[in-house]
Every structure is written in C-alpha cells, then in structure tokens.
Amino acid sequence: MGDKFPSWMMTSLFPAMKTLTIDNAKNLIEWMEAATSLTEVVVFPCLEELFLTKCDQLRSVPSHFPSLQKLEIDSMDSSKPMENINKKLTTLTSLTIENVRGLASLPEMMLKNNQNLANLEIRDCGKLSCIAPHVFGCCASLESLCVSKCQNIRSLPDGLHTLSLKELIVDNCPRLEFIPVTHALTSLLNLSVKYCRSLKSVPTLHGFASLRQLEIESFHGTSPLIGLESCTSLHSLGIYGCECLTHLPDGLKIVVSLEELTISRCPSLQTIPSLDNLAHLRELKISFCAGLKSLPRGLASPHCLTSLRDLEIGRFSMVLHSFPTFQASQLERLSLWGWPKLESLPELTQHFTSLTCLGILSFDGMEALPEWLRNLASLEYLRIIWCANLMYLPTVEAVQCLTKLKEIYISGCPLLKERCNKESGAEWPKISHIPKITVQD
Numbered sequence: 001m002g003d004k005f006p007s008w009m010m011t012s013l014f015p016a017m018k019t020l021t022i023d024n025a026k027n028l029i030e031w032m033e034a035a036t037s038l039t040e041v042v043v044f045p046c047l048e049e050l051f052l053t054k055c056d057q058l059r060s061v062p063s064h065f066p067s068l069q070k071l072e073i074d075s076m077d078s079s080k081p082m083e084n085i086n087k088k089l090t091t092l093t094s095l096t097i098e099n100v101r102g103l104a105s106l107p108e109m110m111l112k113n114n115q116n117l118a119n120l121e122i123r124d125c126g127k128l129s130c131i132a133p134h135v136f137g138c139c140a141s142l143e144s145l146c147v148s149k150c151q152n153i154r155s156l157p158d159g160l161h162t163l164s165l166k167e168l169i170v171d172n173c174p175r176l177e178f179i180p181v182t183h184a185l186t187s188l189l190n191l192s193v194k195y196c197r198s199l200k201s202v203p204t205l206h207g208f209a210s211l212r213q214l215e216i217e218s219f220h221g222t223s224p225l226i227g228l229e230s231c232t233s234l235h236s237l238g239i240y241g242c243e244c245l246t247h248l249p250d251g252l253k254i255v256v257s258l259e260e261l262t263i264s265r266c267p268s269l270q271t272i273p274s275l276d277n278l279a280h281l282r283e284l285k286i287s288f289c290a291g292l293k294s295l296p297r298g299l300a301s302p303h304c305l306t307s308l309r310d311l312e313i314g315r316f317s318m319v320l321h322s323f324p325t326f327q328a329s330q331l332e333r334l335s336l337w338g339w340p341k342l343e344s345l346p347e348l349t350q351h352f353t354s355l356t357c358l359g360i361l362s363f364d365g366m367e368a369l370p371e372w373l374r375n376l377a378s379l380e381y382l383r384i385i386w387c388a389n390l391m392y393l394p395t396v397e398a399v400q401c402l403t404k405l406k407e408i409y410i411s412g413c414p415l416l417k418e419r420c421n422k423e424s425g426a427e428w429p430k431i432s433h434i435p436k437i438t439v440q441d
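For the sequence shown, this note's numbering gives the first residue as 1, with consecutive numbering after it.
Just so you know, the hints here were simulated from the structure itself, not pulled from any lab data.
In this text, all values refer to a predicted model and were calculated from it rather than measured experimentally.
Heads up, none of these hints are tricks.
Using 27 Å as the maximum straight-line C-alpha spacing, the simulated DSS-like pairs for lysine-lysine come out as follows: (1) K87 with K18; (2) K149 with K80; (3) K194 with K166; (4) K127 with K80; (5) K87 with K127; (6) K112 with K18; (7) K341 with K417; (8) K18 with K54; (9) K285 with K341; (10) K127 with K54; (11) K112 with K80; (12) K26 with K87; (13) K26 with K127; (14) K436 with K422; (15) K149 with K194; (16) K149 with K112; (17) K341 with K293; (18) K88 with K70; (19) K422 with K406; (20) K149 with K127; (21) K112 with K70; (22) K87 with K54; (23) K200 with K166; (24) K194 with K127; (25) K87 with K112; (26) K88 with K127.
Ranges of calculated distance between the beta carbons of each label pair, as one might list FRET restraints: (27) H247 with A426: 42 to 52 Å; (28) N421 with H247: 40 to 50 Å; (29) K127 with T90: 23 to 33 Å; (30) M318 with E347: 15 to 25 Å; (31) A25 with P346: 56 to 66 Å; (32) E121 with S155: 13 to 23 Å; (33) G102 with R282: 39 to 49 Å; (34) V319 with I385: 18 to 28 Å; (35) S317 with I385: 19 to 29 Å; (36) R59 with F178: 33 to 43 Å; (37) R282 with T90: 44 to 54 Å; (38) E367 with I437: 15 to 25 Å.
Ideal Cβ positions, reconstructed from N, Cα and C, are used throughout, including at glycine.
Construct all of the structure, not just a fragment, from the sequences and the given hints.
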C-alpha cells in the first residue's frame, strides 16, 4: 500500500471549520494528534485561524494544519506547542506570539517555511533573546513587524528588513542596542521606536520617501532624526520623552507634507526650527519642554499654518512670566498648559473666534478666568483641569454670551469645585443653564 493511505481509508474531521479558539484552558496539558493504525484522520483541513489563549500548561498540540493562515498564541508557559505546530506548517500569513514565557527564539523553520508570512508580532516574551537564529532569505513577504516588551532582546536581525516591509514597531525593549541601519526599507510607511533605553541609534531616514508616520519615544541619544529631509511623504511625526534632545533638524521645515506634529517631554530642547512652510499642518502639540523660551517661527504669524485646526501648547520654561506669542486664526481646538508663574491666560486667545473646544490645564497661578472669554462665540466645550487656586468664572453676562456652550468639565480644581456646588456654590448660577456640567476632584 506504500506510505499513503488510499482515499477510502481516510477520514476527515471538522471539514468545514475555519476558525478555532481555545481560551482559558488552564489545566489543558496535551492536545493529541487524531490518528489510528487502520485509517488516516485528517483534522481541520480548512482551518485558517487558530487562537490559543491562557492555556498555561499546554505542552503539545497537533502538527498538521494544512490551511492555517493566522496563528495567535497568548499566555503559555512552554514554547513546545509552537514547535509542534511548526513542523509541517507552510501556509502562515500572520503570526502573533504574546506572553509565551519559555520562548527564547522562534522555531528555526517557522520563518523559512512560511514564505507568505506578512505580519509578525512578538509581545511580552521575557526570555526572548533573538527573533530566530537564521533569517537571511526568509520573510520576503513580511509587511509588518512588531516587537514589544521583550526584556532580553538585544538586536533585530538584518534579514527581516525586506523590501516589502511597511510597518516596523519596536516598543519597551530595554536591552535593545541595535536596529540595523539599511536603505532597503524604501516601502516603509510606519516606524515607531519607543522605550528602548539602551538603544544607541535609530535607523537613519535617508531614502525613506514613502514613510508616513514616525514616532520616537524615550530615546536617550541626541540625534534621532538624521535624514528627515528625505521623508517627503511624512504625514505624522511624534517626538516624546527624548531627554537629551537639544534641537530638531532644519529638515523639519522641508517636510511640507506634514499634517500632525507632536513634541512633548523633551526638557533639553532649546529651539524648534521654523514651521512656516508647513502649509498642510492640521494638528500641532508642543508641551512639557522646560528648555523652551520661545516658539518656532510660523506660530507667530497669522499668515502661516493656515490649515492648523488643533493646537496643544504650553508647560515651557518655568522662568517665563507670560506665554510666548502664537497666532492661529482658524483654530477649532486649543489646549493650554500653564506653569506656576502665569497668573492669566494669554490674551491673544480671545481672538480665536473659531474655537469650539478650549482646554485650560495647570494654571496654578490663576485665580479667575478672564471676561474676554465671552468673545469665543463658537465655543461648545470648556475643560478646566488642575488649576489649584482658580476660584472665579467670568461673570454671568460673559458666560451667557457663549450661546453654543454644550459642556463644561472641571476637575482637580478644589476651590472652584466648592464654588460650583449646585446647592450653595457662588459660581453655580453662572453655569446652571449649560446642558452638561461635570465637576469632580
């Protein structure tokens, strides 16, 4: 009869099933192959998606999944089940591994045998030291790679950087020292590098003409944006918590496609280059940069940044007694962060008559909101947060001029909270007509 069973001796189980989830089977140890000496049993011939979640003690699983495309394993002590599945697997397009506590690296053939693998995510695997021993020539179809919360991984292999890669996310890998610098990532759309405190450099951006989204967070080097001028398609740029960053490259003003820019928690940052060429910028956030004493050129002119609709700004150098000048005539949403020496809001805010949402945060030196708030005739939402000494709202007449105001939210303002008490607060009559009022600690 040879090695294969004739068709009349074969049995198929679950012939139509396409998705299987085994969840919270904490006492499951062995999932055995289904076969006998008299017939060959083909199980799950059409299974495309397999999810194994919270099967902590599982040690073995079947090895024959001829149609499997998506595999997710979450919360498991041993890496053995993955090694079992991998023995005959060639059809995988998406692989997600999370909290597999015994995993030191992926099985050697998992990347080599699955040439159509497009999505690879590895999260919260504390013993992982490398993604796989040998990856050159593998993963020609890889489009998305995410490595997150892997405490022991030290570098990413060159072989995973393919021409097809569109997304690269590296997050919370504290021992990671090296991301290969390569010019092969010409198709990359999204690059995110966060909380990798041992990282000495991020990939240079030369040749990344397709890049649309870039995030760098908690990078301890001084130059995370080398080659930024090459990113002519960049749509969103976020720089967070880079303590050693003293300046941003002049290439920033060349990236005219930019629509969203966030610079936050960079205490050593002294200057930001001119933004006046960024005609498409819709959202700008510059906050918690204690070294800043002035704002970039472009924010001071009403004729620049004409597309800007959302601005979050403030918490700059503590030596400043007033807010740096800024202009944004078409703003719809504005969040202002104060600091102790500020006793009032920036007066130019009264001219932003298109505002629908205003946030006032951390103005501890301010005791009263100004009367000129009445000029914000389009205002619909007002948030007042963490203003420890604020006691007074504008007058009844001023608040009643805000005819479109739908909601007021007050939090972390103990004195104002007491005065806005519905039963006895002196400020309550000023806001009682507003449809939605939230006042909390």
